[in-house]
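J.: Sequence:
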Amino acid sequence: MSEHDSTYSRRSVLRLGALTFGAAAGAATLAGAGGNLAVAAPAAAAPAPFVNPAPPVSRRFLQSLDRSVALDGWTAQPFSMSQVTLEPSVFTRAQDQALNLARAYPVDRILAVFRRTAGLDTKGANAPGGWEGFGHANEDAWGPDDYPGRANTQTANLLRGHYAGHFLSMVALAYGSTGEAVFKDKVDAIVAGLGEVQAALAATGRYSHPGFLAAYGEWQFSQLEKYAPYGEIWAPYYTCHKIMAGLLEAYHLTGSAQALEIVTSMGEWVHSRLSKLPADQLERMWAIYIAGEYGGMNEVMADLHQITGREDFLATAKLFDLNALVNASAAGTDTLNGKHANQHIPQFPGYLKVYSHTHEQKYFDAVKNFWGMVVPGRTYAHGGNGEGELWGPANTVAGDIGTRNAETCATYNMLKVSRLLYFHTLDPKYMDYYETGVLNHILGSRKNAESSTSPEVTYMYPVHPGARREYDNTGTCCGGTGLENHVKYRDSIYFRSAEDAPGNPVLHVNLYVASTLDWSEQGFEIVQQTEYPEVGASTLVVNGSGPLDLRLRVPRWIQRGFTVKVNGVAQDLEATPGTYVTVSRTWTSGDRVEISMPLSLRVEPTIDNPSIQALHYGPVVLLARSSATKFLKLSLYASMRLDGSLDTAAKALGDNVFQLGDLTFEPAYSGGSALYHMYFERSEPRIVFAGTDSGVANARRANGTSFLDVVWAEGSFADRAAFLATVQRTAETFVAEGLLTRRDSQKVLVAAGKAKIA
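Numbering-wise, the sequence shown is residues 1 to 758 according to our numbering.
Where hints are given, some of them may not hold.
20 Å max Cα-Cα, derived EDC-like pairs, lysine to aspartate or glutamate [what the hints assert, rightly or not]:
no.: 1; residue 1: Lys756; residue 2: Asp719
no.: 2; residue 1: Lys633; residue 2: Glu684
no.: 3; residue 1: Lys633; residue 2: Asp709
Simulated from the structure, these hints should not be mistaken for lab results. Since this is a predicted model, take the numbers as computed values, not measurements.
Based on the provided sequences and hints, a complete structural model is requested.
T.: Pasting the structure below:
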């Protein structure tokens, strides 16, 4: 039998109980969306992208389904996915490719591994593949106590089920964003399928609780409690988290009552297992390399507490505390060296959500301090971190460049941590990092290619010389998070202050992305018109009237000023890079806010080796196309302008592609397949200003800092006089230190005076 989506009648779909406010509303939705579930074409070589025949449901209806809530302590909160629409931009390329995959991919393939485990008909569907396979033929769906031991059987694909959780999240996010019936149909079909599997597993009487749901037996959880290592088991609670998170997205974004029922029962099963275990056993479990990796189990249990009000779920969330890490991080003690990055990053959103419910300060301090241990000291230019999935020493970037850097899952989760910290603190640094990571690593992790079978995303987005992105990744952890990444670009462009009330709304404009915000609760529509990040400008058109504070992010990379005009009138604002500025006024419909933030070429050195640097254009990391396996050497000081930019060093070829000498640089977000260098080695053998060569060697101090490094240490100069004064002062210092002769000093000053630097 060919692989296909399951077909249901309208009546059978209604029986799923998908909408919390009843079948009548569900029937109205289906009638408006065209009725029956859509069916993908039978598979041949590969299924064709699905074309949804039904019109989307209204955005007002989507908002009525949204069950997302703000948590205690948040001073800002997101908008509903349906309130923000992306207009064409660099982001819609990846979004549209991901949505096409979501439309085309058969539900039966997603459910196959679960159905096989439960003894149900797989409907002829193959498993997705990779880590998401059926497992070994000799493997049974063993219960908690009847695993025969590794020596007596073989196992495989022990993470299976995780990919289905991510896929469910993807189609729920897609429905919440677009309202297309095909995505709601797939949410309902997956939820119904998981419900059937959960019921079939419970009917066997083989498992410890009727809420158990997995694509393998319960034995992995029992073996973890016996401290089984990675290899004998994989990461059972990691997979559990992905399934529960997908079900919660289905509840939050589509109103699925059945999804909430299934995930609540799963939560009861988790509580029944862990609440019996002593604290020292739990601590040891969560510290086991990979086997103890639990994703964001503490986060989903805290979310279940928020939804249901059940205190046992909050208590269960705290059972996932890795106290050694929490306490050290809360105290500001860095213990990350050698730890598995993506085993631990996903724990921190959960700690922050537990903090929102308990107000225990250690959780907030731990998350805030942890973030500071990763950013910037362990963060590569594009926002990624880790080498071979492990963290290196503190404040080590160049020294931790290996052959497999920057697992994409790690950045996916660092963005979640950053977003939640911003909700609590409104600190701009979290959204500055967010822009770096989402634009360069996440957008760049999606190959610029259509596929109806593969997510075409990276596992690693490496940073070493002559690197290539690791695309495809069907069934892997990053293939799973990659399903979600590209359908939720809209979720952090705008936030609103949590205390908003009629007459005093505050809008946080965090990202400059072409988009439209429907803020009907406050009577506003905000249309953002921009070609950013290819053009350093954005215009906000305010449709609606009344008071509104616009809180605009001033990116940290700004070198040439950030200015704002309202209806052509310049605003008197102190726009310091790495802050926000606020425009407060009573608006008239049609008012225009013009934001200018000129882009420029610049370099950023690594924190531990100033000679290893990355080239940026505004927020964009640029990759040099090259197959060389050693660092390329570049001289750039000769092209520096007074403002510290390097615009004269390279020729712009369009679409953020630049030519610098014989090297071509492309944006990290391109989704390309060329071999590349993210970093280069700075080589400045002689003292040169604006192309004027002094003929003098660029003297260095014992710590490696050169004459030109000192001159340009502040990054820019107010005017030519300030530049000349700095050159003279530096020359005198180097003469005094015995690093320059008096004669060479004079040559340097003459060259600076002749240089046509502007």
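J.: For Lys633 and Asp709, compute the direct alpha-carbon distance and say whether it is at most 20 Å.
T.: Status holds; Cα separation ~16 Å.
J.: Quickly compare the C-alpha distance for Lys633 and Glu684 to 20 Å and report which way the hint goes.
T.: holds (9 Å)
J.: For Lys756 and Asp719, compute the direct alpha-carbon distance and say whether it is at most 20 Å.
T.: holds (12 Å)
Of the numbered hints given earlier, the model fails none.
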